[in-house]
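There are 2 protein chains.
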Amino acid sequence: MRTSAANAQLALLLEVTATPKPGNVDRVREYPDLRFEHFMAGAVGASQGLRMAAAGDPVGESFERAVEGMADQRGGNTQFGALLLLTPLIRAASGGSGSPSDNEELTPERAARVTEATTVADAAGFYRAFEHVDVAVDDPPADMEALDVRRGADAVPAVEERKLTLHDIFERSADRDGVAREWVSGFPRTFAAADRIAALDGPVPDRAARVFLELLADEPDTFVVTKHGDATAQEVSAAAQTALDGDLDPETLADDLVERGVNPGTTADLVAAGLFVALERGLDV
Amino acid sequence: MRTSAANAQLALLLEVTATPKPGNVDRVREYPDLRFEHFMAGAVGASQGLRMAAAGDPVGESFERAVEGMADQRGGNTQFGALLLLTPLIRAASGGSGSPSDNEELTPERAARVTEATTVADAAGFYRAFEHVDVAVDDPPADMEALDVRRGADAVPAVEERKLTLHDIFERSADRDGVAREWVSGFPRTFAAADRIAALDGPVPDRAARVFLELLADEPDTFVVTKHGDATAQEVSAAAQTALDGDLDPETLADDLVERGVNPGTTADLVAAGLFVALERGLDV
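Protein chains in written order, with the numbering used here: chain A, 1 to 285; chain B, 286 to 570.
Excised from the complex, chain A in its bound form:
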């Protein structure tokens, strides 16, 4: 039986394997400077941080280590958001023991307890993770400039002075960031994605590709909002719905979005997290 850390690594690999996943790197589509093999190397590099989370090391420190390892390839940011979802989920699944996971144990309630228990030190670890890789983020509100994640470790004194936990940080960005929203609300879309992946038939990557479209149709991708604005994000979600309705070939949509450089990365992160939960609950590959 796989450990929780191994399930998390497999989730990362299955996510990028799933195709078509319109706009994102997958088995048959990539960007010139962000290729499939960068996601392979990212998943390998993240391994030590994932094992730290399973062993009960602090969430922030485990996440920073996972990101540092993930970034040890030439593609840049491959799985930052996915690791941010996976780290507390691994903790919730493993109970911090690092032993093979108990299929019964991973629930939204347990996951919420992990995020609610995060500390100021966890927030500092999160900020330090930005030292290792460039992540596309929005400008913060005016009253949060000192907490701009792009400041990386330089923002840590402000975080410490205001005694903000990692949960506190994400409460402040939940309105505009889909990963943060999961963090402060018991991971509702992650667990829903896991249920859908488990309920569908066929090869797991095919199920993941389907659930990617469903999540994308369901809500605009916040990473697309950040990079291209609300209108584009809503247009992409409408197109995903059209594909689900059978009125647009998902392969055509995928070609179009890659051509335009529009990648719904947050939705891909949710799929990775959903795959992890499904694997923890006994999904066979």
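Bear in mind the hints are in silico, worked out from the structure with no lab data behind them. Just so you know, not all the hints are guaranteed correct.
Said to hold, decoys possible - Simulated restraints, written as ranges between beta carbons of each label pair: (1) B/Gly341 <-> A/Asp175: 48 to 56 Å; (2) A/Ala198 <-> B/Arg545: 49 to 57 Å; (3) B/Thr392 <-> A/Asp154: 42 to 50 Å; (4) A/Leu200 <-> B/Ala483: 37 to 45 Å; (5) B/Tyr316 <-> A/Asp195: 24 to 32 Å; (6) B/Ala484 <-> A/Gly261: 52 to 60 Å; (7) B/Ala483 <-> A/Ala198: 37 to 45 Å; (8) B/Tyr316 <-> A/Asp245: 17 to 25 Å; (9) A/Asp168 <-> B/Ala438: 50 to 58 Å; (10) A/Glu116 <-> B/Asp541: 55 to 63 Å; (11) A/Glu105 <-> B/Val313: 36 to 44 Å.
Unchecked claim - Listing some non-contacts, in silico: residues in chain B with all C-beta distances to chain A over 10 Å: (12) Ala291; (13) Ser332; (14) Gly341; (15) Pro535; (16) Asp541; (17) Arg545.
What the hints assert, rightly or not - These stretches of chain B come out as covered by chain A in the derived footprint (C-beta under 8 Å, 3 or more residues): (18) 314-322; (19) 357-368; (20) 444-451.
Computed from a prediction, not measured in an experiment: that's the story for all the values here. All C-beta atoms in this analysis are idealised placements derived from N, C-alpha and C, irrespective of residue type, glycine included.
With chain A held as given, fit chain B onto it using these hints.
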């Protein structure tokens, strides 16, 4: 910097990512019951055994653990031969310390010292690995029936009675098995593949696909010999040469061999091992 165990895992992932790799599962071709995601899960599952090898655990025991973990997916044998090459190479690269690898250290001589130092207990571990997965192998010569690997753990008493080390075992099959031949001769094709991968330009999976063709053209694949006979193996190697000469589209050859179920698996194992050596020597992904 990646550890040797991490480089080995990445080598497994890059190998299956490389396309076209005529006859084998790759990013765009698979068999109904042996799919791309089974190789992802195999590489994840092998991780603990790879780390054991890097930490200095016995070769046979590490290999058995790697195979047991690899087999924890529904596709069956995905990377048995690759793990058999990687296990001693990891030991040679890490010096058994498990620490980040020293780029200068992995040489054919060091690798040969590891295989020459294998014990009867290592041979027993190798036989026990066959308990975890079905591997296509030839009938043994009449005087080696007691040592038939398909007997798995049942063959261990005969191995112990004859005091055969794992190196001894492979000397007896080197004439008909390309992995065994590497084991007893300092891994010449593995190191040659690594040099070629390092010398070529472009994305690493593309280089690996090219080197796969070169190795296949250079020598008949012994796994194809076992499953389909000498004539087919020689025909496949000739076709690989035709592809290298530009007179046959490798994609066409790939479609044809998958259609016929002819998979040059030993050549893929050599590519995985060559990728590992190249990564150890500083290849960037």
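Each hint tested on the structure:
1. Checked against the hint of 48 to 56 Å, the pair B/Gly341 and A/Asp175 passes, with Cβ atoms roughly 52 Å apart.
2. Under the hint 49 to 57 Å, the C-beta atoms of A/Ala198 and B/Arg545, about 36 Å apart, miss the expected range.
3. Our hint of 42 to 50 Å for B/Thr392 and A/Asp154 holds, since their Cβ atoms are close to 45 Å apart.
4. Between A/Leu200 and B/Ala483 the CB atoms are about 42 Å apart, so this pair conforms to the stated range of 37 to 45 Å.
5. For B/Tyr316 and A/Asp195, the Cβ-Cβ distance of about 30 Å falls inside the hinted range of 24 to 32 Å, so the restraint holds.
6. Judged by the Cβ atoms, the range 52 to 60 Å given for B/Ala484 and A/Gly261 is violated: they are separated by roughly 33 Å.
7. Taken as a hint, the range 37 to 45 Å holds for the pair B/Ala483 and A/Ala198, whose Cβ atoms sit roughly 43 Å apart.
8. Taking the beta carbon of each, B/Tyr316 and A/Asp245 are about 32 Å apart, not inside 17 to 25 Å as hinted.
9. In this structure, A/Asp168 and B/Ala438 meet the distance hint of 50 to 58 Å, their C-beta atoms being roughly 56 Å apart.
10. Distance hint for A/Glu116 and B/Asp541: a CB-CB separation of about 58 Å, consistent with the stated range 55 to 63 Å.
11. Between A/Glu105 and B/Val313, the C-beta spacing of about 38 Å keeps the proposed range 36 to 44 Å intact.
12. Against the 10 Å criterion, B/Ala291 falls within the reach of chain A, whose nearest CB is about 5 Å from its own CB.
13. Non-interface status of B/Ser332 relative to chain A is broken: a Cβ of that chain comes within 10 Å, the nearest being about 7 Å off.
14. Once the 10 Å rule is applied to beta carbons, B/Gly341 is consistent with being away from chain A; the minimum gap is 19 Å.
15. Consistency note on B/Pro535: stated as away from chain A, and its beta-carbon is indeed over 10 Å from all of that chain's, at 17 Å minimum.
16. The beta carbon of B/Asp541 sits about 20 Å from the closest Cβ of chain A, which is more than 10 Å, so the claim that it is off the interface holds.
17. Distance check on B/Arg545: its Cβ is at least 23 Å (rounded) from any Cβ of chain A, clearing the 10 Å threshold; non-interface status holds.
18. Only when three residues or more bring their CB closer than 8 Å to a CB of chain A does the claim for the stretch 314-322 of chain B stand; here the count is 3, and the claim holds.
19. Interface restraint, the stretch 357-368 of chain B with chain A: holds (3 residues with C-beta to C-beta distance below 8 Å; minimum three).
20. Taking a C-beta to C-beta cut-off of 8 Å, the stretch 444-451 of chain B contributes 0 residues in contact with chain A, too few for the three needed, and the coverage statement is violated.
Violated hints, in rising order: 2, 6, 8, 12, 13, 20; the structure is consistent with all others.
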